[in-house]
Amino acid sequence: MLLVLFLVPVVLLAVVVGVVLVATSRSAATLTFEVAVARRHAVTTSAVAALLMLGTPVLLGLVLGATMFVGLGGLPLMSSARALAAAPLLGTLAGLCTLLVGELTWPRPTGSSRTALLQDRSLRTVLEGAWVRAAAVTTVLTAAALVTAGLLADESGQAIRHARPDGAATAGPFPGWSYAGPQLTVLALCVLVAVLVLRAVLRRSAVVTADAETDTLLRRASVGRACRAITAGALVTLGPDLFLGGAAARRVLDDGAWHTVATVLTVAGPFVVLAGLVVLVLPVPRLPAVSYVVPTAPSVPMSSA
Amino acid sequence: MTVAVTVDMLSATPPYEQVRSQIAGHIRTGSIRPGERLPVVRALAADLGVATNTVARAYRELEAGGLVTTRRRVGTIVQAPPAPAGPALQLQAATFVRDARNAGLADEEVVDLVRGALIDLG
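First to last, the protein sequences are chains A and B.
Here the first sequence is numbered in this note's numbering, starting from 1 and rising by one per residue.
Here the second sequence is numbered in this note's numbering, starting from 1 and rising by one per residue.
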C-alpha cells in the first residue's frame with residue numbers, strides 16, 4: 001500500500017515531465033544530421049540505462065523471493081536481505097555501466113574530410129550544474145550515514161543496543177555493517193563507474209557539425225545523466241536505512257533528544273525514497289528549443305563505432 | 001578560441017602535416033593568441049578521428065618550431081611566433097589567397113605556388 005502511495009505520484013510526475021519534454025523538445029529537422037544522430041544515441045542509451053536501473057532491483061527481488069518461498073535452494077535469508085538492501089545501488093551500477101558503454105560507443109567522425117574545433121575541453125566545463133552538486137552531496141551524505149550506522153550497530157551488524165539502568169535494550173533490523181558494508185561497496189563501485197563515465201565524456205569525439213556550445217551541452221547532458229543515476233540510487237538506498245535505523249533506535253532510546261532525532265529520521269526515510277524516485281524523472285540539460293545556426297564546418301557522415 | 005582544423009584523409013599531405021600547418025597558420029595570423037591552450041592530444045585526435053600519434057607528432061613539430069610549448073599538467077600552450085607576421089603582411093597573404101581562389105586555384109595549388117616562389121627566390 002505504501003509502495004503504491006509512493007509510486008502513483010512519481011508515475012504521474014514522470015508522465016507530466018515526459019509530455020512537457022516531448023512538447024518542448026527541439027525538432028530533429030532543426031538539427032544537423034550528425035547532431036540528431038548523437039542526440040538519438042544519447043537518448044536511447046539513457047532509456048536503456050533507466051530500464052536497467054529500475055529493472056535490476058525488481059528482477060533481483062523476484063529472483064530472491066522465488067528462491068526463498070518456492071524452495072529452490074537459494075541464498076540464505078540474511079544474504080538475501082543484504083542483497084535486497086543493496087539492490088537500488090546495484091540497479092544504479094547497471095545503469096551507469098550502460099551509460100559508460102553509450103559514451104564509449106559515441107558516434108565517431110568518419111569520411112575523408114574531418115573538421116575539429118581547436119577548443120580546450122577541461123573537466124570544469126562539463127562539471128558545471130546542479131546535477132553534479134546533487135550527486136556529490138547525496139553520495140557523501142549516504143556514505144556518511146552508512147558509516148555512522150555501521151559504527152552505532154552492535155557486533156552482529158544488524159541491530160542497535162543501548163545500555164539502560166534496567167538492562168541493555170536491543171532492536172533491529174538496523175543498517176549496521178551487515179547491510180551497510182555491501183551498500184558501501186556497491187556505492188564505491190558506482191562512484192568508480194561514474195568517474196569512468198566522466199572520463200569517457202571528456203575524451204569522446206566532438207559531434208562533427210556541432211558548434212562549441214552544442215558540443216558542451218551534449219557533454220553536460222551525459223554528465224547529468226550519470227549524476228542523476230547516482231543521486232537517485234543514493235537517495236533510494238539512504239531512505240530505507242534512515243527509516244529502519246530510526247525505527248530501531250526509537251525502540252531502544254526511551255526519550256530525550258536522541259529519541260526525537262530517531263523519530264525525525266524514521267519519518268524522513270520514506271520522503272528521501274520519494275525524493276530519489278522524483279529525481280529519476282527530472283530532466284538533464286538539453287538542446288534549447290531555439291533556431292539552430294548550422295556552423296560552417298563541412299558535413300561528413302558519422303557512424304556508431 | 002573557435003578556429004577549426006580540417007584533415008583530408010585522401011590528400012597526399014600526411015595528416016600530421018595538415019594539422020601542424022593549419023595550427024601554425026592560425027598562430028601566425030593571430031587567430032590563436034599566445035598563452036592560449038591547445039586541446040589535449042587525445043581529444044583532438046578523437047575529434048578528427050585520427051591516431052593519437054598523428055596529433056602528437058604535429059604538436060612535437062610545432063614545439064620544435066617554437067610555436068607552442070608543452071608542459072606536464074599545464075598542457076600545450078601557444079607561444080608568440082618567433083618572427084610574427086605583421087598586420088600588413090597578414091593582409092597581403094589574405095589578399096593573395098583570395099585572388100588565387102578567385103582564379104580557380106585549389107588550396108594545395110596555392111600552397112604549391114608559394115613553395116615555388118620560395119624556391120625561385122632562394
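Some clues are possibly wrong.
To be verified - Computed footprint of chain A on chain B, listed as stretches where at least three residues anywhere in the stretch have a Cβ under 8 Å from a Cβ of chain A: (1) 5 to 15; (2) 37 to 43; (3) 46 to 52; (4) 102 to 113.
Because the hints were derived from the structure by calculation, they are not lab data.
In this text, all values refer to a predicted model and were calculated from it rather than measured experimentally.
Beta carbons: idealized from backbone N, C-alpha and C, even for Gly.
Do the hints match the structure? See the list:
Taking a C-beta to C-beta cut-off of 8 Å, the region 5 to 15 of chain B contributes 6 residues in contact with chain A, enough for the three needed, and the coverage statement holds. Restraint check on the region 37 to 43 of chain B versus chain A: 6 residues with Cβ-Cβ distances below 8 Å, three needed, restraint holds. Counting residues of the region 46 to 52 of chain B whose CB lies closer than 8 Å to any CB of chain A gives 5, so the stated coverage by that chain holds, three being the minimum. Under a criterion of three residues with beta carbons nearer than 8 Å to beta carbons of chain A, the stated coverage of the region 102 to 113 of chain B fails, only 0 such residues being counted.
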